[in-house]
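A.B. asks: One line per chain: the protein sequences are A and B, in this order. Residue numbers for the first sequence follow the UniProt record's numbering, beginning at 1 and rising by one. Residue numbers for the second sequence follow the UniProt record's numbering, beginning at 1 and rising by one.
These are calculated hints, taken from the structure and not from any lab test. Where is the CB? At the ideal position from N, CA and C, for every residue including glycine. It is possible that some hints are incorrect.
[As the list claims (entries may be wrong)] Every beta carbon over 12 Å from chain B, so not counted as near; a handful from chain A, in silico:
no.: 1; residue: Thr21
no.: 2; residue: Glu107
no.: 3; residue: Glu311
[Said to hold, decoys possible] To be clear about the criterion: a stretch of chain A counts as covered by chain B if any three or more of its residues have a C-beta under 8 Å from a C-beta of chain B, and this derived list gives those stretches:
no.: 4; segment: 53-64
no.: 5; segment: 89-98
no.: 6; segment: 354-361
no.: 7; segment: 374-380
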Amino acid sequence: MPLTFLHTADWQIGKPFGSITDPEKKVRLQQHRLQTIEKLRSAIDTHQAQLVLVAGDLFDSPSPTRSTVSSMFSAIGKLEVPVIAIPGNHDFGGPGGPWIQEFVQQEAAALAPNFHILTKSEPLILDQAVILPAPLMERMETEDPTRWIRTAFDDHQLPDDRPRIVLAHGSTQGFSSSGDEDSAAVSNVLSLEHLPIDELDYLALGDWHGTKQISNKAWYAGTPEIDRFPKGDDNDPGHVLVVTTERNTDPTVTTLPTSTARWHHIRYHCDLESDLAGLRGEFEEVVGTGADEALLRLELSGQLSLEQSLELQNLLETWDARLLRLKLSNHVTESPSDEELEKLTARAEDPLISRVATRLMEEADGDSEEAAAARLALRELYQATLA
Amino acid sequence: MRLLSLHVRNYRVHLDQTIEFDPARTLIGGPNESGKSTLAEAAHRALFTNHRWGGKILDSMRSRHSSEPPEVRLRFHADGQDYDLTKVFAGTTKGRAELRDDRQNQWTGNDAEEKLAQLLGNEGPASKKEAESQWAHLWIRQGDSAEDPSEATTHQKDSLTARLQQEGGAAVLQSDRDSRVANAFLEKADSLFNQNGKAKSQSPLAQAERAHEEARQRFEQAQARANQLQQAAADHHSARQRLAQATAALPELEKQLTENQKQLAQAASLEEQDENARKALEDSELSHKVLKETDLRIRALDEEIAQQSKAIGPREEASQRLNEQLQKLEADRQSAATAADEASRKLRTARTALDIAQAHRQRIECIAAQQKATRRLEEAATLDTQLQDLRKQLAQLPAITTERLEKLRQHSARYDQAKAALDAMATGVELLDGPGPAQLDGTPLEKGSPRIISTIGTLEIAGTTVHIHPGGGKNLEQLQEALKTTEQTLAEAFATLGVPSIEEATQHLIKRDKLEKEIEALATKHASLEPTDTKHESERLAARRVEIDAQLERLQSPSEATPLPDHEADIATFEAEARKSMDAASTAEQDAIGTRHGLENRLKSLRSEQQETDERLKAERRSLAEAEVKQKTLVEEHGSAPDRTARLAELQQKATRAREQFNEIHRQLKALQPEQLKHDEARLNRSIRQQTNVQASARESLAAARATLQSDGSSDPHSDLAEARQQLEAAAEDERAAARRAQATQRLAALFREERQRLADRFTAPLSAKVGDYLKCLFGSEAVAGLKLEDGKFGELEIGRPNGQFDFTTLSGGTREQVAAAMRLAVAELLAADHDGCLPIVFDDSFTHSDPDRVLKLQRMLDLAASRGLQVIVLTCTPADYSSLGASEIQLTQG
């Protein structure tokens, strides 16, 4: 009998978003992550899912606060189907991790009786399926957490009438979250090629934040709520997977978009000829309306006249207010246009301003901090002459 | 503009005074109150005071000596022409002004004032308020000379600025906008940074820095907390590993220890066996060795007994022979001793006979000596009687000696000499005839009876008294004294010796000599008899005879008394025979004793030989007996020779077997390595202890780590750290941005400051240069001037000299008036360009504080100004000080 379940991972509830200074925006981003769990409810209803499997990293931190814990279990408690999870590298199962804390266990029991955290490398036999968990007991496991599954069918009598699902968290060959801020390349490596793949029906993986199919049976669900700027074309986060599987049958997997926040990336090169209309246009195109749920990584380069630079300054301030977050990497250099240059340096009536501007122009060339300060000074001087 | 002449009428002290000005250098001298300053003032009033003004101004000009209005006529050159200006100051209605040029143009009244103002470069006539201060930089009044001249240039600011702009080429002043923008940035920089260049605490940069620092601290705290948790997790992990390892290792260690204990027990048993086997081996080897040695000893004893038995026979025979010889020798010695005793007895008898004979002879000799001594003693007694008689006779004679007699003779001679001398001196007085008696010294002189006088005599003849001085008178007394003395000495000598005369004394001496010679002869004879010695000899002989008599009585036994001869010859013979008998007896005794000694010596030697032989024999017998006892005992104990040989072979076999057994056990023991087993035991016990300790400490660590990792959920250290890290980065970025903005502002302010200064310096440079030129006249070639222009006003005049840089206000009064003059001259020189290249400059007693040396140098400066076109007019009460100026001189007189 086929089983339909939701495969998700990397909720990372409680992520601090420390780079966001506006507390309200920060709270909103954090709320989005909790709301994702609630969103699962409609997916369960829609797809008649019988289970939710969470492949690690439910918490962002191994030491979540009480309120984070309570909120998460409250949300899980509302799902009405069993939610089965393993510890990931962020919320590892051993000492120092959240799952052995009394108040976590207490809140789980009180608020989410449907929740099960699997911290032992042993099969869990359910009516609908056999779950083969590969929990991470430490932040960095040096041995493959799935290695016990290699011999699981020799060591255990497991029913053959229901799908067998591996629940694991870590990187696989070719797909690792190395380079991500919180993982290390040598640890938590899942050697899926050593698993008795014919004995298994689905591998529900976590850790990789993009949704990714590894093989016909193995998937990374990715994080349901996007938590970082896009990393590449093949990195497609913001989903949960609806999986339908049966013993000895390849699974059917559907991806459901779930993310509320939008994370965008714009690279824009300015030059003296163009004005900022191009940038405005791209912003409209990429972010469009609803900037209040968007985060933008804006990388600027090139040169702008002083006038345009001042205009850019205003534009950026506006966007910064409007967006959930504007992550700016501004490598635009202010460079007076010929007209501006003349306005500054060829002022017969204002010999002093003229001289100062000339000297700042001499200093503004180059990449040094002094040159940058000189360019800034030039802009300010220009601004002062306009008054 | 150049002053040509001044004519003053009814003006204060001056009723009518005319002065012609030199085009370049005019010196106006005159004592105090001669009206020098009044003239300067009058010229100034002509130029700037309106002819219609009255009141106080007019009153100050009026003459005390005339009721006529003050009138000033000033001729000057300006704008290419000569002008003749006359002003009569008489108030609004009567005041008059007239100006003519040399082209017959004429202006009067207000026109004249307007034209004048135009010629002087002003827009119009000066107001009452401003008139006084017009050209204050050119008219240096008494008392103003040391003041900062920049004040005086205020009125000329615009023209001076214009001149400087022309002089400085492109030099321009900052605009209002310049000023506004510059000030805005300077103020902004001031609000950001304090004077040390540090960000002010309320500035955005300081706030960003603080925020960064706070973020850093929060990050460090969060990191410390997170590290603590991470460390605890790591500790937990490692403790768990250690516990697992220790727990795994312990059973294996226990197993090894059990095996070790088993082997150790085996080794202990083998060691015991080994010890037993070793003892058995040693016992059997010892038994064999002992028996072997005993056998050898018995065989040696057998040999020894045989040899000793063979040697002892001859020794016994020799002993027997010696014994026989000894018995014979002892008999011989007995008879020799008897013979010797007899000979000794005979010798004693002979010696006694000789002693008697000798004593007898000595007795006879002693008696004869006694008789001789008696006779000598009797003769000596007779001689002694005679001697005593003679000595008695001698004693009765005066004690006259040859010397004493000689002395007596000398005394007598001296007396004779003294008497002769006196007699020789004496004067003879003889009364030959006369009627009357004559007296000498009271004694009547007899006629013809000469008298000798030896002293001063008094002669009285017939009433005439004459003193006679014999010998002159003086020596006579000495002679008389000498005679007296010698006579007395002689008398004392006689009395002492007891003789009356020399002749008798001589006889006594002869008699004494004869007696003394007889006594000497008798005494010699008496002494030759040695009466004392003889008496002693006689006493000794008496004692000797008693001794000899006693000896004789002792020697002669009453029973066999030998008759002794009495004659001398018989006595000698008797003694000789006795001596002969004794000698013979003595020889016989010595022979007998010699014989006896010889025998005794031989006996002694033989006995010694016998004793030695006996002792050796005895020892050999004892040794033999001992050997026999030993041999017997050993044989009894160890059996006979064949028995012993069999037993030895048996023991040999037993020892060989014991050795084999011992070697085998020892090999087994060695194979077990018992020492190593003990080390193993210690090692294993140690390891078990260690692993147990590891278990305990790991359990403790686990508990501690668990406690640290226990969370109550009130905070999230990991999340805090992540957040703090991001906030730190953001704060660092904010600080960088703030720093950059602050740097931009700072740079703008610095550049405005620099450029503003540069502009000002460039602008004032021509003026500074000219001031410098004048200062060089005063302070030498190295003097320079610095001048600042701020807000359109010249100020902060500084002079640089070789000994340093000085601010105007810090200079002394004298130097200040000189420097001020230099500044004024420079300003005048610059401004002169607008006045046909010339301006008058009036110094009214302006250098009163300058010392004579400086006044001399001042003239160089004034001359330089004149040579550059200025019209220098100096008013002074000491014109002689300015003699080197080469000026045209005008002398005013008082009143």
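A.B. asks: Are the hints correct? Go through all of them and say.
C.D. replies: Outcome of the hint check:
1. Thr21: Since the minimum Cβ distance to chain B is about 7 Å, Thr21/A lies within 12 Å and the statement is violated.
2. Glu107: The assertion about Glu107/A is violated, with a minimum of 9 Å to chain B.
3. Glu311: 18 Å, holds
4. 53-64: Holds: 5 residues of the segment 53-64 of chain A have a Cβ under 8 Å from chain B.
5. 89-98: Coverage by chain B holds for the segment 89-98 of chain A (4 residues, Cβ < 8 Å).
6. 354-361: Answer holds; 4 residues pass the 8 Å Cβ test.
7. 374-380: holds (count 4)
Checked against the numbered hints above, the structure breaks hints 1, 2 and satisfies the rest.
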